[in-house]
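Asks: Residue-level listing of the chains:
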Amino acid sequence: MAARGGRALLALCGALAACGWLLGAQAQEPGAPAAGMRRRRRLQQEDGISFEYHRYPELREALVSVWLQCTAISRIYTVGRSFEGRELLVIELSDNPGVHEPGEPEFKYIGNMHGNEAVGRELLIFLAQYLCNEYQKGNETIVKLIHNTRIHIMPSLNPDGFEKAASQPGELKDWFVGRSNAQGIDLNRNFPDLDRIVYVNEKEGGPNNHLLKNLKKIVDQNTKLAPETKAVIHWIMDIPFVLSANLHGGDLVANYPYDETRSGSAHEYSSCPDDAIFQSLARAYSAFNPPMSDPNRPPCRKNDDDSSFIDGTTNGAAWYSVPGGMQDFNYLSSNCFEITVELSCEKFPPEETLKSYWEDNKNSLISYLEQIHRGVKGFVRDLQGNPIANATISVEGIDHDVTSAKDGDYWRLLVPGNYKLTASAPGYLAITKKVAVPYSPAVGVDFELESFSERKEVEKEELMEWWKMMSETLNF
Amino acid sequence: MGFLWTGTWILVLVLQSSPIQAFPKPGGSQDKPLHNSELSAERPLNEQIAEAEADKIKKTYPPENKPGESNYSFVDNLNLLKAITEKEKIEKERQSIRSSPDDNKLNVEDVDSTKNRRLIDDYDSTKSGLNHKFQDDPDGLHQLDGTPLTAEDIVQKIATRIYEENDRGVFDKIVSKLLNLGLITESQAHTLEDEVAEVLQKLISKEANTYEEEPNKPISVTESQAGKIPEKVTPMAAIQDGFTNGQNDETVSNTLTLTNGLERRTKIYNEDNFEELQYFPNFYALLKSIDSEKEAKEKETLITIMKTLIDFVKMMVKYGTISPEEGVSYLENLDETIALQTKNKLEKNVTDNKSKLFPAPSEKSHEETDSTKEEAAKMEKEYGALKDSTKADNPRGKTDEPKGKTEAYLEAIRKNIEWLKKHDKKGNKEDYDLSKMRDFINQQADAYVEKGILDKEEADAIKRIYSSL
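Here the protein sequences come in this chain order: A and B.
Position 351 of the first sequence, counted from 1, bears residue number 769 in this note's numbering, the numbering being contiguous throughout.
Position 263 of the second sequence, counted from 1, bears residue number 547 in this note's numbering, the numbering being contiguous throughout.
Be aware that one or more of the hints could be misleading.
What the hints assert, rightly or not - In silico DMTMM-like pairs for lysine to aspartate or glutamate, Cα to Cα no more than 20 Å straight-line:
no.	chain 1	residue 1	chain 2	residue 2
1	B	Lys-699	A	Asp-465
2	B	Lys-705	A	Glu-502
3	B	Lys-699	A	Asp-513
4	A	Lys-562	A	Glu-788
5	B	Lys-706	A	Asp-465
6	A	Lys-562	A	Glu-552
7	A	Lys-838	A	Asp-864
8	A	Lys-824	A	Glu-519
9	B	Lys-735	A	Glu-505
10	B	Lys-735	A	Glu-879
11	B	Lys-747	B	Glu-702
12	A	Lys-851	A	Glu-875
Derived by calculation from the structure, the hints in this document are not laboratory data.
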């Protein structure tokens with residue numbers, strides 16, 4: 419016992435010696451701090467990607483480095499501040515950063531919504547760097563993606579929680595500390611619960627999309643919403659996102675809507691109208707992640723119930739009911755389809771494992787990005803060629819409509835099949851078109867809508883002409 | 285009547301032994317203020333646990349040790365302690381028999397309690413069947429009426445034991461065991477050390493003339509050191525002499541060093557005392573190379589760390605946890621590695637320091653390396669924080685501190701320019717692009733500063749880099 423104590427002391431001495439050298443080594447190069455040394459170490463990692471945990475300053479630095487390296491295709495912005503004042507940083511990658519090009523779909527990745535679920539945060543930092551590197555190397559897939567998509571990456575929606583979780587020593591990083599935001603709010607239960615409303619509408623009739631009316635007022639006046647939640651809601655309303663993924667940890671599965679059970683029970687498969695495409699989207703992620711899609715993988719913990727998992731995917735409510743989540747909020751308040759990806763059995767795994775998580779997920783992340791170019795897309799315009807914003811595009815047989823964005827552009831994700839699409843807008847006559855949809859790429863279908871007044875004019879003219887003809891014939 | 289008493293005793297003993305099995309959490313007692321009564325309330329249990337564990341490694345051992353005996357097993361210490369306690373108890377028993385009207389009861393209790401204690405011994409699977417002679421009673425540190433011995437008694441006993449054994453290691457072993465079990469806090473341990481030291485001094489002053497001590501370690505060690513690196517023999521031998529002298533001295537100086545050691549452990553270094561450090565030529569050279577004005581704090585920290593290290597090693601040697609040779613060789617290796625590291629640092633950017641860090645004896649286990657890694661990481665972070673404060677002190681525009689960050693940015697910008705040059709094929713673009721880029725970057729950098737995405741210094745650095753291209 420004493421000998422062991424002595425050895426522990428020796429070890430401590432060794433540690434102090436270590437520090438002495440680190441400091442001494444620093445002393446040789448005036449001004450370089452220990453943190454700077456770590457950064458230098460980082461530069462020697464793969465291609466500028468350092469597989470280590472990034473705290474808030476390092477996160478910011480990493481994104482700035484990506485921007486500096488790829489100024490032509492990137493831009494950093496912030497959607498707001500966390501409760502403790504940290505910027506909710508987003509890096510955008512596209513061939514024309516900062517601008518929505520009409521017809522170009524918008525994609526987002528959000529990570530670390532639960533501050534102690536750290537893998538998503540890191541993967542997104544790696545992804546940003548990776549996309550920049552690959553673009554510059556001329557990787558065709560990536561170049562195509564960046565030219566045809568506007569990719570938004572938010573590595574951390576809960577930077578405050580992450581700092582709390584990351585500050586825990588060694589093995590004490592646990593299941594709960596740092597999960598919620600600085601106010602103790604679980605952000606993934608904090609969104610307005612639109613599931614309940616849609617379930618009522620299903621039974622009694624009512625809209626099947628964009629269920630949050632009078633949006634900005636409600637959001638700003640609601641005192642129960644965390645600043646992070648508010649920031650995301652504004653973000654969703656400002657940018658016409660089409661596809662999104664929300665990265666979590668604690669299990670290994672791709673989860674799709676609905677997250678809340680219809681009956682209110684603890685688990686029950688609750689499919690949304692777009693169940694088919696969601697299954698396909700979830701599979702597009704999990705299929706490229708070997709452990710996630712491994713049918714023989716044992717559950718993360720011995721008593722876990724993963725009976726709802728199929729091919730590494732699961733319906734949210736079938737797994738367990740989650741009210742007020744961000745995923746369903748996206749689907750029911752906007753045009754954006756979002757899935758929730760659980761990336762790791764351990765919420766905050768050791769730093770040494772980050773590289774292997776990247777290896778497991780990088781193909782999935784790219785594959786999921788590519789899913790945005792599926793289904794049908796196009797423009798809704800009037801007869802003069804002016805865009806019609808907020809037109810409704812409905813698909814026969816699917817009780818969920820999407821709307822066109824400011825430039826009249828719309829995107830409708832669909833699994834392969836034959837569909838009838840109808841575009842309509844108030845004051846316009848609806849038009850229906852038949853479309854055959856392959857797996858990919860997206861089929862272009864444009865609509866030119868005739869307004870009522872135009873139709874009236876046309877009808878009036880036709881009437882006049884008939885009258886003229888009649889009068890000529892009858893010699894009035 | 286007897287049965288009733290037996291019953292109560294069983295109850296008392298069971299109640300007292302259940303915490304043993306439950307392994308009390310350290311958090312329980314740490315909030316209590318430092319007080320002798322606290323110490324006395326806890327100690328008996330502690331000793332019980334200690335004894336219970338000691339019973340595992342049973343050895344028959346005579347109560348007195350020959351001086352110079354180097355085999356100080358924990359069991360021996362405790363057995364002696366028990367023997368002492370027994371003696372005392374017997375004395376007290378005699379007293380209580382004379383004075384107490386409950387003579388018979390007590391006697392009966394005594395007989396009965398030993399019976400019960402054996403029962404408990406049986407239940408306790410951790411105990412081996414050997415040596416019932418020394419099993420006497422798990423609560424041997426209780427007085428007959430069940431009240432625990434006071435702290436003073438315990439301190440007295442420990443001091444006596446140390447005195448007789450002439451081994452500070454006794455104390456150290458007991459305390460480290462208790463600390464590990466989380467039964468006492470560090471501060472309580474320190475207080476205990478003080479008290480033991482005091483008592484020990486008293487003992488020594490009482491019988492100083494009758495006691496003689498031989499050095500525990502042979503002086504031939506010095507000679508063996510001579511065979512090693514010649515130029516360091518003198519300084520190393522000097523330190524080592526310090527070690528051996530420490531043990532050569534009478535227990536007087538030992539106790540003094542005991543209390544001194546305690547003080548030094550808690551003292552914070554802020555004096556520029558190079559006395560011992562001059563024995564480390566490389567480290568000394570390193571210190572000299574640090575510009576005192578600019579990096580005073582760094583220098584201080586380095587010195588503090590080095591001194592703490594040296595003191596630790598000295599302490600360990602004194603307590604007998606490592607031999608002087610080990611201590612000396614460790615410190616020697618330390619200095620050598622400093623030289624090596626400094627050299628490497630000058631040659632290239634060191635990245636993998638941690639693998640070169642531990643020159644210490646190869647007996648280090650894997651888990652120690654891990655804990656040191658943690659410690660190193662902790663210290664790194666702390667130092668990072670320290671360094672940040674020094675950044676504020678540096679008023680000049682030149683950003684010495686975030687050099688690593690600037691390097692990263694530089695690298696990124698370089699890659700960007702390279703790519704731009706490659707991809708703009710419209711001829712005569714190089715100058716044009718750069719000036720355009722420069723403006724664009726300046727604009728963006730300012731916008732980012734406004735939005736809180738970049739720091740002012742970072743933006744300035746970036747602008748500077750671009751303007752220099």
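Asks: All hints are to be evaluated individually against the structure, with a verdict given for each.
Replies: For each hint, the structure was consulted:
A distance of roughly 11 Å separates the Cα atoms of Lys-699(B) and Asp-465(A); the hinted pair therefore holds under the 20 Å criterion. The straight-line distance between the Cα atoms of Lys-705(B) and Glu-502(A) is roughly 42 Å, outside the 20 Å bound, and the hint therefore fails. Distance restraint check for Lys-699(B) and Asp-513(A): the Cα-Cα separation of roughly 18 Å lies within the 20 Å cut-off, and the hinted pair is therefore satisfied. Taking the CA atoms of Lys-562(A) and Glu-788(A), the gap is near 10 Å; set against the 20 Å cutoff, the hint holds.
For the hint pairing Lys-706(B) with Asp-465(A), the CA-to-CA distance comes to about 19 Å; that is within 20 Å, so the pair holds. Under the criterion of a C-alpha separation no larger than 20 Å, the hint pairing Lys-562(A) with Glu-552(A) is consistent with the structure, at around 11 Å. Taking the CA atoms of Lys-838(A) and Asp-864(A), the gap is near 13 Å; set against the 20 Å cutoff, the hint holds. Distance check on the hinted pair: Lys-824(A) and Glu-519(A) sit about 11 Å apart at the alpha-carbon level, within 20 Å; holds.
Restraint check for Lys-735(B) and Glu-505(A): satisfied, since their Cα atoms lie roughly 9 Å apart, inside the 20 Å limit. For the hint pairing Lys-735(B) with Glu-879(A), the CA-to-CA distance comes to about 57 Å; that exceeds 20 Å, so the pair is violated. For the given pair, Lys-747(B) sits about 17 Å from Glu-702(B) by alpha-carbon distance, which is consistent with the 20 Å threshold. Between the alpha carbons of Lys-851(A) and Glu-875(A) the distance comes to roughly 24 Å, so the proposed pair goes past 20 Å and is violated.
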